[in-house]
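**Student:** Based on the sequences and whatever the hints tell you, model everything.
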Amino acid sequence: MLGRVAPLALLALAWACSDESGGGPAVVGDGGVDASSDAELDAGADTALDAQADAVLDGSPDAALFVPGDKILLSVENPGHLDEDPSVILAKDGSLHVAWFSQRNGNPDIYVKRTQDGKTWTETRVTQSPSADYYPSLIQDSAGHFHLTWFRWTAFQVGGIWHASSDDGITWNAEEPVTTTANVDDWTPSIAEAKNGDLFVAFASSKRNPSALSQIYLVKKPAGQSVWLPVVEPAGLGSASQDDMLPILASTGPSLSLAWVRCQAGGPDPCLVPSSNLFYASSTDGTSWSAPKKITNDTPDDVVDTLPSLYPDLADNWSLLWLSTRTGSVQTSDLPLASLGNYPAAAKVSTAFDGYSPHAAPTPTPGVFLGVWVEDTDPNDKNKKDVFYRFFGK
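Read in order, the letters of the sequence shown correspond to residues -6 to 387 in our numbering.
The set of hints was computed from the structure by calculation and includes no laboratory data.
Check before you lean on any hint, since a few could be wrong.
Unchecked claim - Quick list of in silico lysine to aspartate or glutamate cross-link-like pairs, EDC-like style, CA-CA up to 16 Å:
{"no.": "1", "residue 1": "Lys213", "residue 2": "Glu169"}
{"no.": "2", "residue 1": "Lys341", "residue 2": "Asp291"}
{"no.": "3", "residue 1": "Lys387", "residue 2": "Asp327"}
{"no.": "4", "residue 1": "Lys213", "residue 2": "Glu226"}
{"no.": "5", "residue 1": "Lys188", "residue 2": "Asp134"}
**Tutor:** Structure representation (structure tokens):
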């Protein structure tokens, strides 16, 4: 349920129109990109993912099992209903995990599926609240523990961020609130672990500062502690005249990377207006952040760029995925983080995703990735959506 009016209905409609007519959605329409690149993205070759890749390829599962193929329905337990907001990771044991929300029996809850071979999946229901749970973000920390965050709304645009942890990604510990301020609209969380073991969650809210627009906020749980610290608005990241939303946070090399969408204020969520652009900042401690770098820069600047995600390969080289109308239709763009200053030349159209909310993770097979996304399954009912996946080569 990304859209505050309806779950991404506007973008899904644009996608459907693009598929049917061969043209893009009707959009109406700032420029300049920092050409510098972050040297730290090339650093840290001896990473956890390197060790993970070695362990995976030497053990179980069989890396040869993961081969590119056709798309497959993941949300088979709830076909033709409402399933959205996937998040995907490769675990240290070589298993793949996908989290998403599924509205079954009239209530959205968070589910996680796990596979060792890319064929057989086991499902776990994580939340059972009578409130609505959406937009899970899933990671595994350096100690092997799994962490899941999501937003829970008790009423329309009223709610906060929640967290649960697991030792194996199957059995989950009791959930806990990450944010507790009343009458705010905290949503779209993204969780990451800093190199010192601190956990950070980035999220968006438009009600926390009544004098401001939608802003990005961060909350921290220090390593070894059990309490989340107070929410902070990172200095220097926000805009005084535009909405900032849909943050994506990841531990990339020695730093934390934060990507988000900035768009004209007051438009339909999630930033489905031209011009909406992607921005990026990095931090070594999660407190002090680099100046925001504008990634996308199209002329004329009448392009919708939204729904970003970050994913690595087995060598810990990270890339940015997002939906864009820059080609004239709604397509998934793929850009290496090391080439952020080389947009649009280094941005490639990915054909691995047939819908919106594209997310990816490496598999134990070098060069093969798991891609997940969402599709409308009934053109006459925008509340019927399913999560699909495919393995693809890169």
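**Student:** When the structure is checked against the list of hints, which entries are broken? Sort them ascending.
**Tutor:** none
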